[in-house]
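Peer 1: Spelled out, the chains give:
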Amino acid sequence: MIVQTKSVRFDSISLDGGSTVAPVDVAYQAYGVLNAARSNAILVSHAFSGDAHAAGISPETGKPGWWDNMIGPGKAFDTNKYFVLCSNVLGGCRGTTGPSSVNPATGKPYAMSFPIITIGDMVRLQKMLVEHLGIQRLLTVTGGSMGGMQALEWAVAHPEMAASAMPIATTARHSAQQIAFDEVGRQAVMADPDWAGGDYYGKSPPARGLSVARMVGHITYMSDDSMREKFGRRLRNRDEFGSDFEAEFEVESYLRYRGSQFVYRFDANSYLYITKAMDYFDLANGCASLAQALEGATARFLVISFTSDWLYPSYQSLEIVNALRSRNKDVAYCELNSNYGHDAFLVDVGEQTEMVRGFLARVAREEGIL
Amino acid sequence: MTLEKPRRGFVREVLGRSDYAIISELIEPDTKVLDLGCGDGDLLAWLAGNKNVEGRGIEISSARVQRAIVRGVSVYQGDIDQGLAGYPDQAFDYVILSQTLQETRQPLKVLSDILRVGRRAIVAFPNFGHWRVRLAHLASGRSPRTALFPHEWYASPNIHFLTVLDFEELARRENWTIERRIFLAGHRELTALPNLLAEVAVFLIRK
Chain A
84 MIVQTKSVRF DSISLDGGST VAPVDVAYQA YGVLNAARSN AILVSHAFSG DAHAAGISPE
144 TGKPGWWDNM IGPGKAFDTN KYFVLCSNVL GGCRGTTGPS SVNPATGKPY AMSFPIITIG
204 DMVRLQKMLV EHLGIQRLLT VTGGSMGGMQ ALEWAVAHPE MAASAMPIAT TARHSAQQIA
264 FDEVGRQAVM ADPDWAGGDY YGKSPPARGL SVARMVGHIT YMSDDSMREK FGRRLRNRDE
324 FGSDFEAEFE VESYLRYRGS QFVYRFDANS YLYITKAMDY FDLANGCASL AQALEGATAR
384 FLVISFTSDW LYPSYQSLEI VNALRSRNKD VAYCELNSNY GHDAFLVDVG EQTEMVRGFL
444 ARVAREEGIL
Chain B
167 MTLEKPRRGF VREVLGRSDY AIISELIEPD TKVLDLGCGD GDLLAWLAGN KNVEGRGIEI
227 SSARVQRAIV RGVSVYQGDI DQGLAGYPDQ AFDYVILSQT LQETRQPLKV LSDILRVGRR
287 AIVAFPNFGH WRVRLAHLAS GRSPRTALFP HEWYASPNIH FLTVLDFEEL ARRENWTIER
347 RIFLAGHREL TALPNLLAEV AVFLIRK
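Listed in order, the protein sequences are those of chains A and B. Numbering-wise (our numbering), the first sequence opens with residue 84 and increments by one. Numbering-wise (our numbering), the second sequence opens with residue 167 and increments by one.
Treat the hints as calculated values from the structure; they're not laboratory data. Be a bit skeptical, because a hint or two may be false.
[As the list claims (entries may be wrong)] Using 25 Å as the maximum straight-line C-alpha spacing, the simulated DSS-like pairs for lysine-lysine come out as follows: (1) A:Lys158 with A:Lys89; (2) B:Lys217 with A:Lys412; (3) B:Lys198 with A:Lys146.
[Claimed, not checked] So the derived label-pair ranges between C-beta atoms look like this: (4) B:Ser227 with A:Ser258: 24 to 30 Å; (5) B:Ala229 with A:Val116: 54 to 60 Å; (6) A:Ile199 with B:Asp247: 40 to 46 Å.
The beta-carbon is built from N, C-alpha and C at its ideal position, and this holds for glycine as well.
One chain only, chain A, in its complex shape (with noise of 0.2 Å):
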């Protein structure tokens, strides 16, 4: 299934730190059809580094969405009943207006004159995309990682819009050590010249820099166990040790290949806005305490973390379903078996896709559809 990747175009967006950006492109691919009544669609967020090519084939790359796994006919989020949708994050760089997009006041890409955002101006701009689809209310939404922490969020600022939420591998606030890891990945970018303070747009970016924050990030991504098993102590392409500090084990090879892709398809600023935004995530904010945070949420939850996920663990998961217990509200909670760390909602789908089909079908039922 190819798919294309469209594009709306909104006046302006305020934003939770008070500025505006205007105007303001979302872009967004959706599967499956829109029924009638508007009410079979699904909000699907992507994490960090993610975009809105969730599934099918891009014509451009060849290459399947980064959950092409959970959806399309007859997966977890099933196009044949459902409408879904995903589309990219404010302040990112696949299409979507962020910091490498043209400021019309000044005709050069903002930079670092891009205001800060948050993970509710995500949120926000998402509804003004759903809105503008004519959909009032979502059957689900969903994502993993920070794609989860807009799931927690949508069901707190919107609750009269999400019958449900499948908040996935996440959590309601940044710990010290994400917060740790995503300042090592910004520093990396901003200890290499080539960032210039932000000012590389058609000069040369901060490639090196970018390289090694990925690096980092995919390190948080896997399991002590999975890059045993993926890699173990293997070198590549010879029998014994260079002594040349070139990428001879396995692992650096992998890490060095992935972080020098990913310069590729991702901007530095962009890495810098969209990691402050999740270190700044914390659903509590301005509350006494996570609970109270979601007194007003009236979606359905199911919460889902994995067992050797150490960048979100399951106390992260148990925070939240903890909090939704004790205001009495409907969630569902499991800790799902995998050695594949993080990176597991995104790979390691299977038992994932049966729940996440039976929760739906039921979401469906009690709603009218289907």
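Please arrange chain B on chain A, whose structure you already have, making use of the hints.
Peer 2: Coordinates of chain B only, in the frame set by chain A:
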């Protein structure tokens, strides 16, 4: 749909279990129910379908939680010994503890928590006072093994053994009101000598 009144003395089955039939009869329609140790969510799914019950479950096994969620039951993966703390007071009309009390580490704490979280509790447990258990113990001089308690001592999930008398005495001591008590031997409902003859006891209690 309501259950037909069982013939006196004979208890029908729900999902192949006569204690489920009793429990499902005790629960009023359109209520909110928490099932502790809910397994695959069998009973909750049945209650949702047949009595329009809004159900929630707690289950420790990830595989069972998954199966429950797959069938559309809201189950939380957690430990009953700790899991009840998260719920507000009187959050449920009924809290069900079916064949699980004897597996909890702190039965009295669990029961107290249940009666805080629920307006009523339905507690079903295998009766360790049954004559077969007594006889097996007396005759063999070993940990009794019967159809009700089939496990070897080292492999048994049961860590607190209780009888009908034990439970009633605890209820008296704690000032719980026993609203209904139903005693089962196979598919028969007993009227006499429950501590000796009942295989399974089902109590409907409130604080």
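Peer 1: Work down the list of hints and note, for each, if the structure agrees.
Peer 2: How the hints compare with the structure:
1. A:Lys158 with A:Lys89: holds (23 Å)
2. B:Lys217 with A:Lys412: holds (20 Å)
3. B:Lys198 with A:Lys146: Outside the cut-off at roughly 47 Å; violated.
4. B:Ser227 with A:Ser258: 24 to 30 Å: holds (28 Å)
5. B:Ala229 with A:Val116: 54 to 60 Å: Given a distance of about 35 Å, which is not inside 54 to 60 Å, the answer is violated.
6. A:Ile199 with B:Asp247: 40 to 46 Å: holds (45 Å)
In summary, the numbered hints that this structure violates are 3, 5.
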